[in-house]
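Peer 1: Protein chains in written order, with this note's numbering: chain X, 1 to 431; chain S, 1 to 334.
One thing to keep in mind: the hints can contain errors.
Derived pair list, reagent style BS3-like, types lysine-lysine, alpha-carbon separation capped at 27 Å [unchecked claim]:
no.	chain 1	residue 1	chain 2	residue 2
1	X	K178	S	K326
2	S	K138	X	K397
3	X	K431	S	K326
4	S	K326	X	K110
5	X	K305	S	K238
It is worth saying that the hints were derived from the structure and are not from the lab.
For reference, the chains in residue letters:
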Amino acid sequence: MRNLSLFAGVAMLFVLTGVFQSWNLSLNILNLALLSAIMAIGVNIQWGYAGLFSAGIVGSVALGGLGVALISGKPAAGAWAAGTPRIAAALAFAAVAIALAVWMQRKLPKGTSRSLATILFLVVAFFIYRGLLDPAVLAVEANNSAQAGHIGGLGLNSLWAWPVGAALAAAAAWVIGKVALGLREDYLAIATLGIGEIIIAVLRNEDWLARGVKNLIDLPRPWPVPYEISLQADPDFVGRVTAAGLDPVATSAITVKLIYAALFTLVLLTLVWLCERALNSPWGRMVRAIRDNEIAAGAMGKHVKFRHLQIFIIGSAVVGLAGAMMTSLDGQLTPTSYTPLRFTFLIWVMVIVGGSGNNWGAILGGVLIGWLYLAVEFLGPQMMGYITAGLPSGELKTRLAESAAHMRLLTLGAIMLVVLRFAPRGLIPEK
Amino acid sequence: MDLLNALVAFANFVLVPGLTYGSQLALGALGVTLIFAVLRFSNFAHGDTMAFGTVMAILFTWLLQSWGISAGPLPTALLALPLAIATTALMVLGTDRVVYRFYRRQKARPIILMIASVGVMFVMNGVVRMILGTREVKFDDGARFLLAPADFRATTGLAEPLAIRTTQAVSVVVAVLCVAALFWFLNRTRTGKSMRAFSDNEDLALLSGINPDRVVMVTWIIAGALATIAGTLYGLDKNYRVFVYFGMLLPIFASAIVGGLGSPIGAILGGFVIAFSEILVTNAWRKILSYLVPESWLGEGLWQALSTDYKVAVSFVILIIVLLVKPNGIMGGK
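Build out the structure end to end from the sequences listed, making use of the hints.
Peer 2: Structure, rendered in structure tokens:
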């Protein structure tokens, strides 16, 4: 009952935004909030189910976005001839070299000579890798660099890119997990923070991959979502809308957003159903047992390390899925927009506020904080306007108005601290 | 083949920047390590504490400048430091009172304190942005060079110049002074000794009558002071931008962990290890090599292992290697 009223309250926020601002804005916020809720589910799987603190969520989100660029981006003519196969070969070589180095570490007798041999091997392999990669990268980036200059995508429907984005994030999580899981929890946090930064750095700087900071625009929409222009050109649509007494242009924008919202809700509900089933299965009980007491669970014969890796991968895949969906929604990949504050720590605030360990809590937190994060953007200046209305216009007033734009970090931090202290189990606590 | 020029180029591009950046990292890592040693959690808000301290230093610098006070050839910010340290110390004590003390009394798990520090990070980041926005602020004044490249060339007659900027020299000197003062404090004073005792064994320290609140307070003041100094030195050297300080979090944590979390000497060592590896890997070696081997051997490339954008990858790889090989760090922390 309480939970229902909480969700109803959040729904009211969106209705109020629609009535007092505009329905377009409200739906915009709703779509992003739904995506945030999916990301929050992913983080909740890691933290709520298993107690793994990852500070590299932004990396999974970005990898999901990269999946969209690679699968549904337009093919770049001439890139294949310029050197895509050679780039692939260089990357494959790097993977084999790293695997060999790991194998060397395992098989050779322990000692200084083993370390020296591995280091020497890696240095030589690195130079061979650069020798393979660099000419191909130059050739690909030189190929029509104003419009393309990257390896291009497959041009498939954006829906295919969603599982691929999830798979990319999962693959990265496997590597991270192999290296960093099993460390102390704060070391895990710092290691994942680093991985997240590195993934973003790669996306920003490797122009051959997805044009780096030159941004990749014009990514096609997923299959059922039409373009506003084609809706407005559709006589059937225009006829029905005008018959209902609505403006075709505004209605087409809202229709598109509604279809997105329906798609996202479908994915969200499927995920929740899966998560609820998993959490209430023997697997879920085992995972929570491991979280609450690793030693006892280990003594009962549960493979703690393997389960941690498994959960880390699943959680990252869910976040990657949301990242891919977000890039489909935006229709572009802008690496500079991936900031850890927005995509790592904000998601954490959502999970903590909503209630870690509870799927519905994560969703509530995601939608609520998602709304708040975007709504403070227009509410902050308005409130500051009311507060400073009595002040004479001058430097103080303009400075205060300017500072209002930065209020959202402050607000969210304060909310997180208050919830963490007074309701540490969140709005919808774990059962 | 020109060894002397190669050495000068090495000093100019690797040694001087490495020492500067290393000192800044070491000061930052000392703060993280002290908080970890006494309060037992990894403080994610440390980067933003540095940003806050720097903003305070900038504001007081402007105030002093408006009064016509300057430090001659040295940056005015050095005069503003004591005031900035005082405000930052008050601020971190405030966060301890409002946020951390509650969890400490509850004996919450370290991870909860760490999550709380993420909340503090948000708040502080917001405050800092509200004060100065997200623009870049340049606040170094005084003489630009301690050793100007033209002077060096005129005196030595070498082709390769060596430049030491005032801010670089200031960074190293201030860091040395701070470290000396800190070690004197930790090893010679009663409060410092009680801090170390508290860090080694909390229960034993409490039994022998050490006041925990006092130890925690002193730790926060020192950590706030170190963060302010590190942030201001970094800002003087490379200009202030709020995002940069968040990005410093990883190299700082890497330094502290590489040296051994909880060990002050380790933090200093770690700072220099991280700084020099970042610079060695991302430096373009072409210029230095061109004095040592014939130009034709070098070909087209810059002889740069990784572009400077991947600095973060270097500190990360070192961090991972240390965690896998020697999880307690060089000096064996906790």
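Peer 1: Are the hints correct? Go through all of them and say.
Peer 2: Each hint tested on the structure:
Restraint check for K178 of chain X and K326 of chain S: satisfied, since their Cα atoms lie roughly 17 Å apart, inside the 27 Å limit. Of the supplied pair hints, the one linking K138 of chain S and K397 of chain X holds, its CA atoms being roughly 25 Å apart against a limit of 27 Å. With a C-alpha separation of about 40 Å, the suggested pairing of K431 of chain X with K326 of chain S is violated against the 27 Å cut-off. As the CA atoms of K326 of chain S and K110 of chain X are separated by approximately 14 Å, the hinted pair is consistent with the 27 Å bound.
For the suggested pair K305 of chain X and K238 of chain S, the alpha carbons sit about 43 Å apart, so the restraint of at most 27 Å is broken.
The structure is inconsistent with the numbered hints 3 and 5, although it conforms to all the rest.
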